[in-house]
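Undergrad: First to last, the protein sequences are chains P and U. Every number in the working numbering is 84 more than the matching position in the first sequence, counting from 1. Every number in the working numbering is 84 more than the matching position in the second sequence, counting from 1.
In short, the hints are calculated from the structure, not lab data.
One copy or two, it doesn't matter: identical chains are merged, so the pair holds either way.
For lysine-lysine, the following DSBU-like pairs were computed, each having C-alpha atoms within a straight-line distance of at most 30 angstroms: (1) K283 to K450; (2) K450 to K145; (3) K145 to K354; (4) K145 to K203; (5) K145 to K446; (6) K321 to K450.
The residues making up each chain are set out below.
2 protein chains.
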Amino acid sequence: MLYLLPFLMAVISFFLPPAEKKTDKNPNIILIYMDDLGYGDLSCYGALGYKTPALDRLASKGMRFTNFLSAQAVCSASRAALLTGCYPNRMGVSGAYFPNSKVGLSPDEVTIAELLKQKSYKTGAVGKWHLGDNPVFMPLNQGFDSYFGIPYSNDMWPVHYDGAPATNWKKSIPTLPLILNKDTFALLNTLKDQENLTKQYTERAISFIEKNKKSPFFLYLAHTMPHVPIAVSDRFKNYTGQGLFADLMSEIDWSVDTLVHSLDRLGLSKNTMIIFTSDNGPWLNYGNHAGSAGGFREGKGTTFEGGQRVPAIFYWPGVIPSGSISNHLTATIDIFPTLAELLNLNLPHVKIDGLSILPMLKGALKSPIRREFYYYYRKNALEAIRYDQWKLVFKHPGRTYTQHLPGNDGFPGTAPEDFPFPMALYNLNRDPSELYDVQEAYPEIMDKLNKLAERVRADLGDELTGVEGKGRRPIGSVN
Amino acid sequence: MLYLLPFLMAVISFFLPPAEKKTDKNPNIILIYMDDLGYGDLSCYGALGYKTPALDRLASKGMRFTNFLSAQAVCSASRAALLTGCYPNRMGVSGAYFPNSKVGLSPDEVTIAELLKQKSYKTGAVGKWHLGDNPVFMPLNQGFDSYFGIPYSNDMWPVHYDGAPATNWKKSIPTLPLILNKDTFALLNTLKDQENLTKQYTERAISFIEKNKKSPFFLYLAHTMPHVPIAVSDRFKNYTGQGLFADLMSEIDWSVDTLVHSLDRLGLSKNTMIIFTSDNGPWLNYGNHAGSAGGFREGKGTTFEGGQRVPAIFYWPGVIPSGSISNHLTATIDIFPTLAELLNLNLPHVKIDGLSILPMLKGALKSPIRREFYYYYRKNALEAIRYDQWKLVFKHPGRTYTQHLPGNDGFPGTAPEDFPFPMALYNLNRDPSELYDVQEAYPEIMDKLNKLAERVRADLGDELTGVEGKGRRPIGSVN
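Work out the full structure: start from the sequences and follow the hints.
TA: The following block contains the structure:
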């Protein structure tokens, strides 16, 4: 009778619902990571003056998150966290690496790309890397089969805001290279050379998808924009009549639209999850060349919500409920364990801080998954801590944009870096803008959060209180 | 050949697309108007701590507005504007009417109910009225066939915040009546008597729909909640575990869900437009019993965006594009002329300030319809003016909630009413929270807005500059 088995299985599979069959195949994952895109920069998050219809459509057909945090409000730290599922200081990563950095994300850390290799995913990175520009830290040594992009931020070059050669400290920085796999593909000498980055990234992303359409693939598309200096391709110049930032957001939206259409064209839509989010809030100091925190306090480089609350859209037709809103506390570090659970992969043998939000994505959530979050900044300062709606901000010196006029047209304003923020307790459910310090009214909450902070400090350390911490993993180093 | 005409028309209509046929029948209109619901109080607008899935669904299947203003940030004025399509000061309406008011919305003004009577709509008002409690100003004298609700705000009664008899000026106010058509249906003596208001309104609304399911109808459902004192029915007590305001938002969401299901059950969904919005921003002074302005500055009773920017969802399956976002400047006064255009009705022979947004609702919009908005408060003070993204705030004394701790559990905090706000120019596209005064950087915009303000003052008057205005219509009066 055994010879009938293939036939019987075919008959059985014929009667299985098609959706079930589809999820048998490992889904493709596209992770779109923006640079300095603020919470308020998409129409579906309240942006005014331009529209992002493709991203709004993604949201209206997927799940839109309103309580989603980047792990740290600065480039390298936030990227290290995204790709590993850990608070960046657990791996010794902080700040934004400069060119010719001796340190970077340790190759011993398991990235999402390496995680997915357990199931033989084809992995491609396109865009800004910023986890160390020495080859040992670069994408091809961190689980990616291919790479196209710039190794760090697009303002790390010997060019001034207005395109003139830099006269300040920047003049010692090398010309910005565009890398293809391991080699320099082009040198970006002028602002004009940055104009096509969004378009080029998009084209490379689509080539990667087309090339790997038969394998499950992981595409990490980390746009350079809207980090300053902002620039658009010819087609989007004066596209909106509302200034360069609005034009740029239209080009970013075009990029997403083009990707989605490519998936449709290749018949991959039903088997691909798209995740869209940002590395931190807007660099408000750049005024009309910066995004908006959408009403949250402060922006990039701060532990106020404007620095870390970012847009997040998860889109997977047929799996993630259409038009749903998630307002549970979630973070970029949750993506790593979510993919691990989705694909039944082994987690690394080191501590992971993220929590799988798979039940949430499937719409079957009854209670919150994440209740705590630790807001670190500087080298290793625990500036704030969160438990449910409560956010306790510790006394710390920090960047402030308020009461200082931002710059214009690419020139920065003056945002003090050491404003003495006092300790304060905020109820983010009732006071999203962190205006009202209620520590006196809630002594029991203060007690709970202070105890939690002690536990966090003992684990991850805290330069504000001089606690060393333990269990910190060594940073990657070439020396 | 003429005798063949009916037959030919039947043949032609058979080949017309069904959508076209459906719009031949005048659609039902349901206008849900909340009291003190802030911009940030629905999940789809970023509310945390509770969910509003029915309203989120309405938004994801309809059009959600992010740049939508109530005409004035206080009860009576905003309602007069909503129902007539005019700035309230054009009709002499300002503030919030007290019990036994000698003045009210003039019966000579044409309300939406009277407008729709041109096409024999059945009209019902359920909920808070607040346009004068003398019978000459009440719903049955303003175009409504039926009425069930309270005549003014639910805190206008001789009861203190904690439910005890008032010891202050409130003790001279009569017991709060619940009115059925023209008669007192019940007296609301205690906080407990307010607990079933949301439920009762919902049941009355559904009865109205069932009774009029064969006629085109207009239902104006003006909830009493979440205006203080807030209260929920038994089913929603401790529903969320996140406090009374969260429980109340769940009951409001239930109410919307129940209405939508009733339309489905009666086969009316495809031919009914639902509009959901609010009269003004949150009364922040009430702390955990108030909503949230979602990051906008200040709240109810102010001309900052927190006072006037409100959620707005327009839902009409098959006509309004699903999952769309409108971020063009729009206002409650635009609803009146939109309905007039939709149904081809004659506008009143007096000036109407609203502009039809019908092309926007049909998704066929190329350019903004409304570019100006005038922010009035107090008796007749032009406190701010808007042109596109620019908002010029004039020097004025005003209410401020910031830096003053709000109250708790129904007790108010102390919000000064006369803070001396200076003149400031804000770019709302880049600075949604009105933080950065940029008047020095944009002299030409200042000039344009100041000229616009002169024109507005000459028309509607301005107590701040002592301009009388002209063409103001007389307020309704019983003496």
